[in-house]
Structure formats: C-alpha cells, structure tokens
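**Q** Residues per chain are reported as follows:
2 protein chains.
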Amino acid sequence: VHAGTPVVCVAKGIELETLMTMSEVIEDVLPVPLHPYVAVMSGPSFAKEVAKGLPTAVTVAARWERIARQVQDAFHTKTFRPYTSADVMGCEIGGCVKNVVAIAAGISDGLGFGANALAALITRGLVEITRLAVRKGANPLTLSGLSGLGDLVLTCESDLSRNRTVGRGLAAGKTADEIQRELGQVAEGVRNARSAHELARRLEVEMPITETVHRLLYENVSPREAVTTLMMRETKPER
Amino acid sequence: VHAGTPVVCVAKGIELETLMTMSEVIEDVLPVPLHPYVAVMSGPSFAKEVAKGLPTAVTVAARWERIARQVQDAFHTKTFRPYTSADVMGCEIGGCVKNVVAIAAGISDGLGFGANALAALITRGLVEITRLAVRKGANPLTLSGLSGLGDLVLTCESDLSRNRTVGRGLAAGKTADEIQRELGQVAEGVRNARSAHELARRLEVEMPITETVHRLLYENVSPREAVTTLMMRETKPER
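Line by line, the protein sequences are chains A and B.
Heads up: the first sequence runs through residues 159 to 397, numbered per my numbering.
Heads up: the second sequence runs through residues 159 to 397, numbered per my numbering.
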C-alpha cells in the first residue's frame, strides 16, 4: 500500500474479539495519512455472474468522494455499474449481517413457511440491520441501497447459500456443529451471528431476528419455540 | 358504510383518468365525517398462503391510530400479523407501482440476466417508488417496510406473477396486446405502468425503470435498446 492507490475492501465482517468492521481493522493497522485511500465495495454480486458479464450494480464507498470516483472509474464496464457513496460504515454493515438473516430464511424454509414469511423476514431483517448501522454512524438510506437491501435480497432469495442450508438444518433440529460437519465448510453466518449479537448487545440495539438465530445456534432453543416467540411478539407499530 | 366501522381498502392502484389512489377515490366519494374510518392494508401476502395459515405480516395504515389498531386487532391471528402505521399514502403507493417493477423483472429474465441484475432492479425500483411516494406526502420509511419493500420483493421474486410473464414476452419482442391475448387476462402492471408514468410526469418525479417499461409497452422501443439505455446511464452517486 502506498499513497495514491485506493485500498478497496471487499470482504465484510465484524471481528469477534474487537467487534470492529473490516474498514475499521484496516484503518487500525494503516497509518492515518493512508486512511483517505480506504474504500469499501459491496452489493448484490455473485462472482460467477460478474465473470459471465451479466449486469451487476454495486456501491463503492469512501470518505473522500474523489477516491470513490477513482474506484468507480476503474471498475465501471458495460455490465458492471458501481454507484458511489460517502458512507463507508453503511456500505459494509449490510454485508456482515445479511448472512444471519439468510440463516433465518433457511429456518423459515425448514419449518415449511412460504414466500410471504420470507418477504416479511427480509423486510424486518433490513429494519434491524439498519438500526445497528445507524447506531454505528451510518446513513439509513445507504441500507436501502445496493449494499443493504440489494445484497440482502440476493442472499436470502438464493438457494445456493450455505447459510440457508445451515438454517434448514437448524429447523430440522440439528446442532450447528453437526450441520457444519455435513457441509464440510464454515458458513459465514454462523460466525456473523455471534459477532452481530455481541455488537448489538454492547450497543443496546434491538435485533430480534439476529437474537433468534443466535439462540438456535448457541443456546439450544428449539426452532419452533424460537420462531413462535418471534411471530408472537406483541403487535405494534411498524417502526 | 356507517360511522364506527372501518373501511379497509385492500385493492391498490392509481386511477388512470384522475391519477388518484384508491384511498383518495374512497375519500372522494365518502362524506368527510366518514374519512377517519378509511384504512389501507398492504404487504407481502399471497392469498393462498394466508388461507393455508402460513405466517404472514402486513401493514395497516389509517390516519387515526385507533382505527388502525381496531383493524389490527380484528385481523391479528397466530399466523397473520398486522403492523400499524399512520401513513396511508406510503402504505398504498408501493402496491400500485410494484407491478411495473415486476414487468421489468420479467424483461431482465427474458434477456438472460441473472440474480445480481434482479436484486439491483428491486433496489433501484424501490428508490423510484419511494421518490414518487414522498412526492405524494408519504414517509420514506414506510416504503422500506412490509407494504413497500416486502411486497416488492414478493412480487418480483415470484415466478407465478402475470406481470413477470408480460415482461418475458416483451423481452422476446412481442407486443403488449399479443402477450395479453396469450395470457387471456389483464396483467395489472400494464395499466399501472401507464398511470404511474403519467403521475410521475405530472409530478416531475424521475422514475427510469417505470419509464423504460412504459416505452416498451406503449412506445415500440426494442427491449435491448431500452435496457441498455437504463444500464448505461452516466455513472453517479447512489442517491
């Protein structure tokens, strides 16, 4: 890394011990004069489709607009369309927590729920992701964009997702360990559920879906019990 | 209709001649002392799944909170969960324009585009629906809720949708009339595209996806040309 070259962070996550996002980790290890060069790219973008040249749109966020524009220009092609943003935190938080909602989507499948429930889950999932992001300083509008809503829809509606498989396993009464042994690999959402839950607890942000997934993964609650608790919360205003 | 009984409007649409929404039409024909009883119910709710008792969540909006709560109480069951809102316009506008975005989703399928493009379309679709709703006095947050985002996701991700079939037909180069003859019935989005386009024009709201669908349906533009124009608009900030 040297001055003049943007550092584009594409991996999203919350570090378990420090509860830092990836851009915070990068800033933590880079000297301050290099911080303006940090950019985050996020959005609904299955790599396979990007490679095939299928149309894809993503968000590129950097605190300095000219850095975001530099990254935008470097990546913009006939089929790959980056939109710029100044909201680094808003751009990356959706990519961390979407995997937790995808596990919940798998649980919903596994319990035999349908498309209405999935659409509600995505909607309420975005509400709690936005709540967390805003508490971390993000602009709520960013979460309604490609890196928030767009990525969440892609992950939750896709059957390919490992997270979804984890959710279906949980619904069938398997433990997280059993499911991961069967999968032969780690589903991101399993770790994300832990760090998102911990961050929400520390910042006192209400995240009922994340909370439910965490209880199923780490607190041995039965799926039907957990989901019924979620559905039967007191009826109330939408926000 | 008599005082004391809420009028729950579940049909959504924009009347072509007057460009009024259904709640505006109802208020137009009811005497003012009955206006407080007008409520709108909207959200991701395939009737078939509701009838089967599969979990469903919707928004109930009325200008008077006690009316919204009365409707909420009347409909709330173990599996049907209404959330209240005071934003009548915000609650109903999503239900009108989602069908237009669903046609665009069908066009995207028909051109061989993938899940990345669909997720981007839903996201950008919600941005322009929100823009129109806000211009009509809605709270933008309502559009990120069940009646906006939730219903849009359900409609666009579902293969059952007639609107989607219309879009696929347009992508194959058929005319709107040919497609509707084959379908044997009217797809809501075909009318909605006309009224939403007209309303957007009158209120000077930018709605590029609606505009594109309208051009394909009513202005004989070729699908690839229309979509390329949409994708190749100047790169820019996300909002």
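There's no promise every hint is true.
Note that the list lumps identical chains together, so a pair holds whenever it fits in one copy or between two copies.
What the hints assert, rightly or not - Derived pair list, reagent style DSSO-like, types lysine-lysine, alpha-carbon separation capped at 30 Å:
#, residue 1, residue 2
1, Lys210, Lys294
2, Lys236, Lys294
3, Lys236, Lys210
4, Lys236, Lys206
5, Lys332, Lys294
6, Lys236, Lys332
7, Lys332, Lys210
Simulated from the structure, these hints should not be mistaken for lab results.
**Q** Would you list, in rising numerical order, the hints stated earlier that this structure does not obey?
**A** As far as the earlier hints go, 1, 2 and 5 are violated by this structure, in ascending order.
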